[in-house]
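Asks: Each chain is listed here by its residues.
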Amino acid sequence: MKKKIYLQNKTVKNYINKRLFTLLAFSILFIVACTSDSENIQNTDVTVLTTFNFTHDWDGALVTNSDFNNFQFTNQNGETISIERLRYLISDITFTNTDGETIELDTHNLVDLTNGNGLNFSPETKISTGNYTNVSFTFGFDNEDNSENYIDLNSASFNVPDMLGGGYHYMQFDGKYLSSTNNEEGNFNYHAIRAADNPGPNPTFPQDTFFTVDLGPINITSDTNIEIKMNIAEWFKNPNQWDLNVLNTVLMPNSAAQIMMFQNGQSVFSLGTVSQ
Amino acid sequence: MMRSKLVFLNLILLVSFSCSNEGVGYEPVPAALEIPLIFSDNIIPPVIPNDNPQTVEGIALGKRLFFDPLLSGNETISCATCHSPQNGFSDNTPTSDGAQGVFGTRNSMPLFNLAWNYDERFAWDGKELSLERQALEPVQNPIEMHSNWDDVVTKLNQHPDYPELFLRAFNSDNITKELAVKAIAQFERTLISANSKFDRFLLGQEALTPEEENGLNVFMDEARGDCFHCHGSPNNPLWTDNIFHNNGLDNEITDLGLGAVTGDPSDNGKFKSPSLRNLAYTAPYMHDGRFSTLDEVINHYSEGLKSSPTIDPLMKSLDQGGVQLTPQDKADLKAFLLSLSDPSFINNPEFQN
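If you read the sequences in order, they're chains W and B. If you number the first sequence the way my numbering does, the last residue is 276 and the count never jumps. If you number the second sequence the way my numbering does, the last residue is 353 and the count never jumps.
Okay, chain B solo, but in the shape it has when bound (with noise of 0.2 angstroms):
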């Protein structure tokens, strides 16, 4: 009688496991991420959630999802149509048009260093507060991709690869939108830029131009362009403090940004403060893309400020607009600023579709 019973439940656990497909001993492999030496040097380490390791199977998934118009609700677009690798995964126009082909208020943030946003809020406003978050936003955003997360994950399920992608990934083949953002997140978390001319010149491998010396110095120096405060310096290779400021680009506030998040009056009108890296490729600029050169950009901090109420006090000289920078300090600024592009990281071969 105990034998026949041993036997009906090793036949039970024997039907048990062949319906499912999760490997029992296998884990997704781990794929640490490749800290440059110039960011290992001299800021504090990457954000990877505790829930969400890297690993070569999720950063592969995440990858193959950022490219496929599969999210989308018509299949038009990915999320790789807004954030493309050539334009420093972001777009070239000064607002992105959605799946529906409705234009959206504001401009394609680029994507890069992202680990290293240690407070995690993402976005212009911030409203986002993790890269995981993050990612289920567009998908069900009507005027992005204009889907929701039920019909991908439908998808997703009847797709010949997807559910052994899910599966060599998680380890499970129960495919979730919170599953598939993971792994969004992981192949965005690789997305490192640390090789433009200027950090070669960091690490004693190339020299800059008088002007691009110059534009340093114009960079550095609070008398002259005084970026340093909210973009960074040598010494925060991120070129962002990713913290969220007023600009001057308005008298009257019509986009609330993080006060809009935070609801609080005071963070009225202030939005991230984008990293300066790529700027080759990433143009327009700021939040609504507004500006579609770096001379725009730079003419308006030098005569273009305008106040307001939340206006950061760091931006100076607000009576005459701005810092009034020299035509030569202009050009030499913009010099400075182009050599932290780096093309190696747009051609990178593993962020190409």
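The shape of chain W in the complex, shown without the other chains (with noise of 0.2 angstroms):
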């Protein structure tokens, strides 16, 4: 009887054991399995800071607010020029990984040369560490994103009449020139929107004059500083010379000055120093 009882405990003990043994393994292999998946998030997502730091030159020669309200810059055409505000719309920053994934962070920042505003900007999302093989962002907006509301930008008087199509400027670059033929002063406002037809309530649009700029390829490895230049220069050179004796001012419902602004810019930035 005792050993029955020994014997029945012992098929309890063993039961238990046996039981206890299960929950055990399983508890081991979800712990393990739990600790193994979270290092490996560690390992591979690990995210950092990326901050972009905005300059600025004339075909290599630095530009800050400094230089401007004089007559230093002389254009392709043969123009003077005194730069006097100069203040642009970049969005949509965006990462593109090795296995061609991206990453696009909904955002946007005004540079503002004139007041030193924007000049180095950390978007609020952290970056994954590892290979990019390009970050890019877009100069001014999206259409999309154009016909959003920003009260930031309402607020600095960026917006660009209905009539127009609304939305934002994407640069507005201000300045006088001396003309290369009479050295006669005048004012030019290179203003870049999206390109409008037939400005009133039905306005129609040419083609999309925002633009991606790609920076090629950067490994992130920890908190990175991206520089982003911009060669004041190129806007007036490649692959439109621009006169500014005959396009200064009243350039935004001009849509072909708006489609060789779009055509010019594309040569304006390139990517700078790279630092982590």
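It is worth saying that the hints were derived from the structure and are not from the lab. Even for Gly, the Cβ is constructed at its ideal location relative to N, Cα and C. Among the clues, some could well be false.
Said to hold, decoys possible - Pairwise CB distance ranges, derived in the manner of DEER restraints:
| hint | chain 1 | residue 1 | chain 2 | residue 2 | range |
| --- | --- | --- | --- | --- | --- |
| 1 | B | L129 | W | S122 | 24 to 32 angstroms |
| 2 | B | S344 | W | G78 | 53 to 61 angstroms |
| 3 | B | Q86 | W | N115 | 52 to 60 angstroms |
| 4 | B | D250 | W | S180 | 27 to 35 angstroms |
| 5 | B | A207 | W | G200 | 53 to 61 angstroms |
| 6 | B | Y118 | W | N120 | 44 to 52 angstroms |
Said to hold, decoys possible - Residues on chain B that point at chain W, a partial pick, calculated with CB under 7 angstroms:
| hint | residue |
| --- | --- |
| 7 | N42 |
| 8 | L129 |
| 9 | A223 |
| 10 | N235 |
| 11 | N236 |
| 12 | D241 |
| 13 | P313 |
Join the two chains into one complex using the hints; note that each chain is given alone, in its own frame.
Replies: Structure below.
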């Protein structure tokens, strides 16, 4: 009897031990699996801060707002230029990884060289470390973003009139020029917007004039500063040699001028120093 | 021995509290700005300094100070003398005469929507870097209120009402000029104008006339008025960029404006873009009040521009004197501009003495 009890007890113990073992084994497996997963996540999904630093030059010579209000730049067409205001919009910074996946940051930044605002921009979203085959951004807004209402840009009076389709300037570049022919002074308002025809209640849009700027591959290993360079001279150079004697003011409703700006803008931006 | 020490300490504390009027546990009642929908939908929130939150008592004190001639040396003029509610908190003369009858050199700036001046540069030349600091200046300016803050603070301390009003507003029985200007700034931040005909049009509550509608198009058309680059748009209901421009008033710059403040010659002749709200009440116009009518202002931009080294590149067609508006466009532009005036603002009982 006693033995039986013992046997029974032994059976119960074995039963319990088996159950415990199974439970323990599953638990360990589960814990190991979880641990392994979280370690994997930590290994592959370290996120870091990216900061975009916008610098400006005139064919390689650094331009800051201390260079404004002086006739000290000469464009391809021979006009001497004084820069008085330069601000522009970038949006949708996009990282493309080696698998071809893209991480698009639905954000925008108004760079204002005139007062030094927006020259260093850190998107709130952190980026996973790793190799990226391309980092890009949109100059201006794509049409979808351009149809939204942005209180920061409204507050900065960066709007485009509804008669031209509304939305926002892509760039406001104002200054003065001395004519290459008679040295007479004139104003210019090189304002880039979405090209529009038939200004009024129902404008039409001949082609998109926002564009994507590809900065190329960047390997991100830690918090990263990415310099984006704007060569201001390029706005007047390539492929259209810009003649300020002809195209100076009232360029917003001039869709042909807008398309030329779009074309010239393709070679304006480049990747500068990347530091981590 | 120990017990007698405690009794003595309690007595000291009791006497200390009795001597101070500062209320234990008392706090002024917060009074958040009532932000119009048309502002909250379109522009970033107002600037309220962390060290000067809006309170019911602070605003009431500020209003009392704003209308009180006690702030001037000979107690003849108050802030409201040159910033009259009926004139959009401006003056109806080109420049204003101060307590001694001496006229200044600048037109009295209208006061409204000041909390949305994000860069916090106030006055025509941007010399005042906050609303509080701005309020310090006229009191001690010899051709304005011709007083000094020491005298004003003494008078406030001796006044039958003000010590109690300061205590309620700031929980302090120490009246200072800093607290006085904080109160004035609180009141000024409540001066919000957002109920013009055009505001109601934007809210779908009222229609524009065909003339006003064309005037808006002139305003927004880069090939005609091109006013929007400096003066806002339906998306920026402040109707100013709060930035400084040389708008082509003179060939020779005699009043340096912002240039005298920054010391930068490229700022010479630049003055703040005023808001276009309430133009019906704020004549005369420009920093020196040189234009007595809106027609003169429009004519200036149409054919009266004068070149100078710092003229803003947004001033177009300089060789023709301006953008050459047609008589019809001028009339319609004026009609549109007047639709930005807000009678409920100048008649708001909260803003009257």
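Asks: Hint by hint, say whether it matches the structure.
Replies: Okay, the hints, checked on the actual structure:
1. L129/B <-> S122/W: 24 to 32 angstroms: holds, 27 angstroms
2. S344/B <-> G78/W: 53 to 61 angstroms: Holds - the Cβ-Cβ distance for S344/B and G78/W, about 57 angstroms, lies within 53 to 61 angstroms.
3. Q86/B <-> N115/W: 52 to 60 angstroms: violated, 36 angstroms
4. D250/B <-> S180/W: 27 to 35 angstroms: holds, 29 angstroms
5. A207/B <-> G200/W: 53 to 61 angstroms: violated, 19 angstroms
6. Y118/B <-> N120/W: 44 to 52 angstroms: violated, 19 angstroms
7. N42: holds, 5 angstroms
8. L129: violated, 15 angstroms
9. A223: holds, 5 angstroms
10. N235: Given a least distance of 4 angstroms, the restraint on N235/B holds.
11. N236: OK, holds: N236/B within 7 angstroms of chain W, min 5 angstroms.
12. D241: holds, 4 angstroms
13. P313: At 4 angstroms from the nearest chain W Cβ, P313/B passes the 7 angstroms test, so the hint holds.
Checked against the numbered hints listed earlier, the structure breaks hints 3, 5, 6, 8; every other hint is satisfied.
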